[in-house]
Amino acid sequence: MFEKSSDIVYRELHLGEQKGMLIFFDGLVDLQLIDSDVLKPLLNCDNQELNSSEIISLKQLLKRVVTTADISSSQKLQDVTNHILSGDTVLLIDGMTEALFISLKGWEKRGIEQPESEVVVRGPRDGFTEDLRTNTTLIRRRLKTPKLKMEQKTVGRLSKTDLVITYIEGIADDSLIQEIHERINRIDIDAILESGYIEELIDDNPFSVFPLVGHTERPDKVAGSLLEGNVGIIIDNTPFCLIAPQTFFQLIQSPEDYYQRYITSSFIRILRYLFLIVSLLLPSLYVAITTYHQEMLPTSLLLSIAAAREATPFPALIEALIMEVAFEGLREAGVRLPRAVGSAVSIVGALVIGQAAVEAGFVSSTMVIVVAITGIASFVIPGYEQANSIRILRFPMMFLAGFMGLYGVFLGVITLQIYISRLRSFGVPYFSPIAPLDTNNLKDIFVRAPWWAMNKRPGYGGKNKTNRIKRNSRPGPNQ
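Following the UniProt record's numbering, the numbering of the sequence shown begins with 1 at its first residue and continues without gaps.
Worth double-checking, as some hints may not be accurate.
Said to hold, decoys possible - Pairwise CB distance ranges, derived in the manner of DEER restraints: (1) Pro-206 - Gln-417: 14 to 24 Å; (2) Arg-142 - Ala-307: 52 to 62 Å; (3) Asn-440 - Arg-186: 26 to 36 Å.
These are calculated hints, taken from the structure and not from any lab test.
Glycine included, every Cβ here is placed at the ideal spot set by N, Cα and C.
Please take these sequences and the hints and turn them into a complete structure.
Here is the structure:
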């Protein structure tokens, strides 16, 4: 079965009169632990006891010889194969009908570092890694309660990828947990190489431009989501944990909102919504107004824009498309290039290309300013996937503005609002608690109310709206 596998190790040994063999993959196990906890105890045990008339029993080995804590056994050949491939060490003894599985995993792991995709000024500096057990430990350290449940599954016919469904019993809705189990159980694929595979296969609407399942590298964000009734899905070999269900407003929020004072967090959150609108609509409004509705501009501003566009050979729509495509290309190049030169290339490239395009007369200086403000606004959105959806929607909005003016922009906004209101994430309305309106959950949407005012858990993560803080916890002088 394992022929042509140069990394598999067969270690023969003698236990009295019985022959034995250890089987494991080099690189998946800790060789020092095998020597100290398995080989030495087996080879140094009492030979008279092993040479008794009875064949060595599994129970005897478990109690007297092998001292490793995590040991299991099976009589099935498929179980033996799966354990070897998962990094366990298999002990076979001549005459025994069971194989012994000894967990001595020891592959190389990346250290715990601050996530680069979700940087915060104030907050924990640890992030998920590619090791499943390390990630579950980071969550367990934050929620020291037996109600934190972690149910493990294996997905992928060839990859045999382990994943853990985690939730807090009594807070997460039972129907939500069951639905997630059913969707994962339906997955039948040859391999799962990243959490994006699972995300796409359990999505309510795979054709949606908006992410309906959240993902994060931050264990504190997962812990906070579990406390609100959501369910986390931790996948082996990836540092990104999935969170379900997910709403539109949760993707605008940042873990840092809950670590700063609520006044500061509320101001920053309002700023995010403002720049989200700017990122989506600013190029479209510029195209619509300069093409069809010049009378809406003050005379001095209109003359300034007209003078800047005097030498431009293209209409405003083509001009906006050229600059937006160029900017998105530079941003993508900055992401793919090595870190040392990526930021320099994106910044210098934008300056050089923008200045050269203006001097050559391809675009106006006003359009360069509009595109620059739009690009900066898109970076304010915390969620990378949410920012990508806004980047994509910006282009059809520009086409509507170019062909129909402000009527097209308003039509696009109304259509987008209807589309978002129809989306569901594991049965939860994507635009909740706005549509449908739930006034009890508005305390943590556009602004962040103080903790003593958010005494109820949000209901869109489950039906269990339990108290999370006592009413008399409001700070103030002692009475």
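Hint-by-hint comparison with the structure:
Between Pro-206 and Gln-417 the beta carbons are some 22 Å apart, a value that agrees with the proposed interval 14 to 24 Å. Between Arg-142 and Ala-307 the beta carbons are some 58 Å apart, a value that agrees with the proposed interval 52 to 62 Å. For Asn-440 and Arg-186, the hinted distance range of 26 to 36 Å is satisfied, since their beta carbons lie about 34 Å from each other.
In the structure shown, no violation is registered for any of the earlier numbered hints.
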